[in-house]
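Protein chains: 2
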Amino acid sequence: MLEIEQKFQISDKSQLLAQLEQIGATQGSPLDQEDFYFAHPSRNFVETDEALRIRRIGTENHITYKGPKRATVSKIRKEIELAFEAGPAALSQLKEMLELLGFQPVRNVKKQRTPYSFQHNQRHFEITIDEVEGLGTFAEVETLAEEAELEQAEAAVIQLAGQLGLSSSIRTSYLGMLMQQEESHGAD
Amino acid sequence: MLEIEQKFQISDKSQLLAQLEQIGATQGSPLDQEDFYFAHPSRNFVETDEALRIRRIGTENHITYKGPKRATVSKIRKEIELAFEAGPAALSQLKEMLELLGFQPVRNVKKQRTPYSFQHNQRHFEITIDEVEGLGTFAEVETLAEEAELEQAEAAVIQLAGQLGLSSSIRTSYLGMLMQQEESHGAD
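Chains F and X are the protein sequences, given in the same order.
Under the UniProt record's numbering, think of the first position of the first sequence as 1, with each following residue one higher.
Under the UniProt record's numbering, think of the first position of the second sequence as 1, with each following residue one higher.
Calculated directly from the structure, the hints in this document are not laboratory data.
Nothing false has been slipped in among the hints.
One copy or two, either will do: identical chains are not told apart, so a pair holds if it fits within one copy or between any two.
Think about it this way: if two alpha-carbon atoms lie no more than 16 Å apart in a straight line, the pair counts; the simulated EDC-like pairs of lysine to aspartate or glutamate are: (1) LYS110 with GLU133; (2) LYS69 with GLU47; (3) LYS66 with GLU96; (4) LYS78 with GLU99; (5) LYS78 with GLU96; (6) LYS95 with GLU79; (7) LYS66 with GLU99.
Excised from the complex, chain F in its bound form (with noise of 0.2 Å):
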């Protein structure tokens, strides 16, 4: 499956959960999320845009791969994700495999999601509301599509954004965001 997402900064989140509840999404639980980003041992993930992170929700955990991103508007991307044993000792052997295989430890990220599902036009969307640790809050609007639908889907994605009155979608990854500043602030 290819994943359609556009993300965006929040800056009036009481304005978005307003739209949230006019068109009637339903909210999930929030979820304690932490993801551990890897790079690869002999290829330059920020060069060729993929991504390999183990993401521990609560305290079940999964391993995940993201493609490049292919779209301009949209970010588009294979994404492949599994879940593997749940606990604390079960994330630390996976780490220690992918280390053991050369995949090293780039950083973290945490962040509190909310979601919430949507349905419309026989397509389910994932609205997300994140506070990360170290950026604030942004949200994403996100559906599943197969490669034949894929226009039809993305312009769903574009359509669903405006209506929640998001504008102006970033392109660049939590993780990206997070190193970016890590340089601007140099040796802090």
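Put chain X on the given structure of chain F with help from the hints.
Showing chain X alone in chain F's frame:
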């Protein structure tokens, strides 16, 4: 944990079964196992003596990293094994993820494994009888140990193997044997 293992080719399986019964080993359910081995994107696992594999046991899926073998008599090596989502869809997704990360599929090893467990002097042993497709019948005697009790654990494995009438242990992996066989058969 470290895995300490000795492996033997079996010509007379009924004799081994009689020995297992005599020492009071407990038979487990036979398992249908399939291992998918991968080559590293930038390291030669044959030279570094490491292995990365996906193991399917029935419909369950595991990923396993094996570090270089250390001792001379037994096989002693670091092993990290983690379960991930079950079922054929998750299996093919993890294969795809590894391939997208540059890990190349080498070949698979299919076997029917019958495990026996045995407790002796507060130590747990696993003895397995493997019917390996294309290779024949083998037995493995294995225990797990922390670094500090390594010598003691290795001596216990050697002793148990002797007690079971097993001699001339083999250090080559099933994968290695199958690849040697392929080479010697040329283009067959």
